[in-house]
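Novice: For reference, the chains in residue letters:
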Amino acid sequence: MTKKMFKNYMVNFAVVSIIFVILSLMMSGGILSKYYQGIIIFILINIILASSLNLVTGFLGQLTLGHAGFMAVGAYASALTSIVLKSIISDLPLLLVSLFVGGVSAGVVGIIIGIPALRLRGDYLAIITLGFGEVIRVIINNIEITGGAQGLTGIPRIASFKYAYWIAVVVILVLYRLTHSKQGRAIKSIREDEVAAEAVGVRTTYYKVLGFAIAAAFAGVGGGLYAHYIAFLDPNTFNFMRSVEILVIVVLGGMGSLTGTIVAATILTILPEALRGFAEFRMLLYSFMLILMMLFRPQGLFGTGEFKWQGIYDRTLKLRKALMNREKKEAVDGSTRGE
Amino acid sequence: MLFLQQLINGLSVGSIYALIALGYTMVYGIIKLINFAHGEIMMAGAYIAFLLAVNTNLPFVFVLVIAMVLSAVIGVVVEIIAYRPLRKAPRISVLITAIGVSFFLQNLALVLFKADPKIMPELINKSPITIGPLQVGTVTLTTLFLSIIFMIALDLFVKRTKPGKAMRAVSEDKEASILMGINVNRTISMTFAIGSALGALGGVLYAVMYTQVFPTLGVLPGLKAFVAAVFGGIGLIPGAVLGGFVIGMIETFTKAYLSTQWSDAIVFGLLIIVLLVKPTGILGKNQKEKV
Amino acid sequence: MLKVENIDVYYDKIHAIKDVSFTVKQGEVVTLIGANGAGKTTILKTISKILEPTRGVVLFEGEPLSKLLPHQLVYLGMAHVPEGRRVFAQMTVKENLEMGAYIRKDKSSMKADYDQIFTYFPRLKERMNQPSGTLSGGEQQMLAIGRALMSKPKLLLLDEPSMGLAPLLVKEIFNIVQTIKKQGTTILLVEQNANQALQVADRAYVLETGKIIKSGNAIELLEDDSVKKAYLGG
Amino acid sequence: SKSEADGIIKLGVIGPMTGDYSMYGTAVAEGAKLAAKEINAAGGINGSDIQIVDYDSKGDKTEAVNAYNRLRDQDGIVGLVGGTFSGETLAIKEIAIGDNMPVLTPTATHSDVTLSAPNVFRACYTDPYQGATAAVFASEQLSAKTAAVLYNIEDAYSDGLAVAFNEKFKALGTVTDFEGYTTKDADFKAVLTKIAAKDPDVIFLPDYVAKVGVILSQIKELGIDVVAIGGDGWDGIEVDYKDVAEGHYFANHYAKTDETKVVQDFIKAYEAEYSKSPSALAALGYDSTYIMAQAIKTAGSNDATKIIDALAKTNSDYVTGHITFDANGDPVKSISIIQIVNGEHKLAAKVSGQ
Amino acid sequence: MALLEASNISIQFGGLKAVDQFNLQVNDNELVGLIGPNGAGKTTIFNMLTGVYLPSGGDIVLDGKSIVGKKPYEIVKMGASRTFQNIRLFKELTVLDNIKIAYHHDLHYSTLSSILRLPSYWKYEKIAQESCLEFLDLFDMRDYAETLAKNLPYGKQRKLEIARALATKPKILMLDEPAAGMNPHETQELMETISLIRKNFNIAILLIEHDMSLVMGICEKIVVLDYGRVIAEGTAEETKNNKDVIRVYLGE
Ligand SMILES: Nc1ncnc2c1ncn2[C@@H]1O[C@H](COP(=O)(O)OP(=O)(O)OP(=O)(O)O)[C@@H](O)[C@H]1O
Ligand SMILES: Nc1ncnc2c1ncn2[C@@H]1O[C@H](COP(=O)(O)OP(=O)(O)OP(=O)(O)O)[C@@H](O)[C@H]1O
Ligand SMILES: [Mg+2]
Ligand SMILES: [Mg+2]
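Chains G, C, X, L and V, in that order, give the protein sequences.
So the first sequence is residues 1 to 339, counted in the working numbering.
So the second sequence is residues 1 to 291, counted in the working numbering.
So the third sequence is residues 1 to 234, counted in the working numbering.
So the fourth sequence is residues 1 to 354, counted in the working numbering.
So the fifth sequence is residues 1 to 252, counted in the working numbering.
Only chain G is shown next, with the shape it has when bound in the complex:
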């Protein structure tokens, strides 16, 4: 069994490395211009943000609307760290240290918010996290060290593709491993039925806070990468709409599917760029496509499943069956069925 898993890991590692090498070669060979590099970096940042939110929303089953708040904490904390340290240490360690600081700060804030907030459920939690996101912005606006509304400049621009890529890989790996462990099962059980989870001995509060804190920390890392790519921060970047954008990626990809998140982050980051040609109709089309995608796949692109190599074959079979079934179902009027 472990042998099979080991093989699986090697395959995944090889694939991840090959993708990296191909992309790198295309970049240095000029096939992928800096324009595309920029987009790819934003995709990677969105992957980090959305997969971390997926831990809370998809795996833990808690709706939060303030993820941009954690991103902000991480972005500012890491930016300030690197501004202070940039003359002392070189790029890679500087980036790592500041991302670490960003992640830890966001994680700590996540714990502070999480302990009281997670006593609430559903839409009440959504409101609290929304409020938290707004409060963070007010704080950033009103204190000196962040530069307030004027924003923060002087951040070294050191988040290149290669760093962003491997950091995203690590984040996904950690999340994957976490969700496929005893802790991950506990987290999922809370999503399924909190009362039952407690009744079989799951320390629900602990796992909720754990999930929340890890998600917050990774959002902080995502924010830190963003800060070191854009090299300028202001509070408006982290508004409510940013939280919503991240949530949309999670749901479109499939709640509880990291692969889905990766695919959805890619699609939703490219989409607005791809629609540039439509000028003023761009955002109209974007929202229209968003609605279509949700109507077409309400459970998200990947549902709760993950992409597996051996699954490709099964999947094609399933797809054929599903199509046949859809035809069948169409004969049935599904409009008035219960949940």
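Bear in mind the hints are in silico, worked out from the structure with no lab data behind them.
Please read all numbers here as calculations on a predicted model, not as lab measurements.
We put the beta carbon where it would ideally sit given N, CA and C, even for glycine.
Covered, in the sense of this in silico footprint (three residues per stretch, anywhere, with C-beta under 8 Å from a C-beta of chain C), are these stretches of chain L:
#: 1; region: 16-27
#: 2; region: 174-185
#: 3; region: 188-201
#: 4; region: 212-225
With chain G's structure known, arrange chains C, X, L and V with the ligands on it following the hints.
Specialist: Same frame as chain G, but now just chains C, X, L and V with the ligands:
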């Protein structure tokens, strides 16, 4: 005196939040959907009223009623196209669709009307009523009056009438509702119609009060109404109104006596504290789930 | 009164009901018995149009149901006590009963029906203004039955009405079945308690993994060895 | 580069073309396109036509960066007339420095935009300069002793002006209240009631028209008697708010009533092209394109370093005044203080130099 | 000393005294039945014994320690676990995962070992996999290991819930109407399962049930409840013939 004037200011803000929160809570109460597009229905209502006011010389009441009816139609159409196919889907997927609809309507308005705010004609005579040194806007009084009237009417409707009870039944269990002979789709459409008409009413009054109509008009009041509805106890009709007034008051008094720079943080901070003490909002019942 | 002809029902890929046909005549009590997962609930749901068959038709008083919307069946005189009770949790006991009478217009005669239900289930009267979600399991079951009776149906579909009820009440339920049968209501009964179900029923169908494998007179089936062995715990 | 091959010189414009602030990006783009049209009609530069490529940023920094990268890589622009907002310009800045891209922002007023960036210039004046000028004007020309400030805490422009005004006015008189609000706010009655209680001589309202219009309406509604002063964000206030803006002052890049030929020619051309009257942002977009074109002409090629050198030596009359750049790349030009009188602009003062 | 002892516990909802001065003793390895009319307060007692509701008075002692005020998961850890009257499985998870979630007491590895996939992770996950499959074997459900819980037939869902409760390794198992919705044949099987559990796990069981064949067939002691109060207590034989019990519960 200053205090009294601030109280009136708070009432003015609160009444509009309350009115908008009513429509919000109505839809939420029945289909448990945080209808992000509610703000955009408000916006649609405001634009309709604007177009009518500029191009015709119908009296205010007619403008209002037409805007409400047309917005109700928009709300129902949105429900049929974008939410109905998702009846069986996870709740959060519908939420995302609602966000999509909200973006869509905003961008549609942007393409149709451009971003710069249009000036809403003074549909109600806005010269304030002066009581001693105090000033009360007529719009405020209208809003206040309407929000209370609609609160009572809706509450009675939902609690006492057959269609109202059908709505509550549908909100709890669609399948069982069918078994009672309730037409689920029609009931939900009706909910959207009422919610959207109320949204439009709020939108028009909002636009009149703040003189402008623009594509993102509904975003802030929509968000505030959502917060107000939760604050008061979401799904509860009197809760929405109470929540609206409380938020309006808190906002005004923080700005007046604490800090304008920090007011948003203070308002949300208070909200968080209230919810932690009373997790289901001010009027919500702390009913433990029976297992 | 009710005629089910060659229906097939699927849950996505699961073929739950396979070519099932049966009839229920006016005034009869017919029972469906079968192990867990045999498809009894699925059949009842199909009859009340919560599910749609992929093949076959259901006729109610000669009319194919495919033309109707699900909620319209209630107006034709069908009522369904669903599996799992499905009471409206936030609504009080009284409101739940009112929902049962949703389609009725004769306010005046409804009073007597409430009283009737409260004599069947005195508990419900005690709990009249309690949100039904906080009722005990058995109390909810009583409410679900009472609610269905409030519509004064011509055809009553009962999905395991005795589930979760105390022995005394189980007896009561079967008494009720007999009483309303006498009043002219036709009943399709699904029960785990096959023994008692067969005692009150006129006819029965035995269901196994989505197929009808046996049918006949209830008394005869009660004596049938294979039925005894599989369903009567004998 | 690509554009040289087509015999076309491409200039990029970035700004919000969709979303809440689309009027600003659109105005800049329209100004720029008008200038390009005129330049091409007059024979282009160095034998090539110029073409404006404008991309939407929604005012979002991520989008702005993507747009900039695309302009550079896909379109091969020679210079950038943008971004429109300070935030997006700052987000582009570091990349542009790396690219040695000639950047002339028409409208980004944040003081850091040109800081330690030899390739970045701007056509507008900075926030601190404008804020301080408004304070001096209030004190010296309006003889104000007390002033209140009400600004948008979430907006860098508003914040920049407010802080500068506050600093400066404190030295000249008393600031009675320094209050903030957020972009989303629509109701200012609470804070206005509070400010009115201290009865200041002037109130400084540094924000854009849409917000200022609402604030001025509520000032009127509450019956507060105070003179309001604003910055260039007020440009266009007379269109929708002439009643509530009557008698108030604001700083601007040019006065429509300015009799100078460049100004009047521009207004006529713009009205002919777009059948509406130009905003200050359109004027700045127009000027920036001319400045950039002139620099390319002077450079005699599309070589970035030469163009940047030429930009630094700009010294000419434009719609928004006579422009030369200081060492930072900020313009040294006059500020027009405009009063709304009978719903029209009236040049109240022209404050020149630093 | 009794394994579980509830003394004088009460609770009310609004004005309603759902449980009133209730006393109960369950000894090691004893099988006690709790019966009574609908709404008598049986489930409510379970809820108090497992920490879902806080009793308004009285004390509950499990294995020598008071559990009043403890969180449900703490009580599980102390050795009491339960099933629910309305089945509450982790519906979207597999049968095996349902068991694994409950089977966490023997899995000693930290979050860090999960993330770094340290040897302890592999070791204990292997244990989890094997033990939980064995567990399913015991219930004859190994074939369903990878099935999603929601797709199980009703009877199997009940069984899974019992298996899940057992996987927490309790000293006392509380079953709330496990036979509801089962036919006589399945009830028979359930009875065997329960006997099997007692044999293999050597634990006490507290059972709520309306199916008299089950209760009378296997319970050593039966407590009868009505309107929140104990009205009778004794062996099956004694209860069956108790006048009050017949009147309020069994019927003639
Ligand atoms: N929603 C569903 N999705 C998928 N499969 C289902 C669903 N509901 C039922 N099934 C399957 O369909 C078959 C028939 O189920 P049904 O509920 O009709 O059985 P039943 O005879 O009523 O059983 P019980 O006695 O347990 O109530 C079973 O195999 C069950 O697993
Ligand atoms: N949260 C609550 N709020 C109000 N009343 C409640 C609540 N929980 C239980 N009750 C009431 O307490 C009484 C006992 O309920 P309980 O569920 O314990 O009954 P039970 O003995 O388990 O009955 P059954 O055999 O029907 O399951 C019932 O009358 C019920 O209505
Ligand atoms: Mg069934
Ligand atoms: Mg019970």
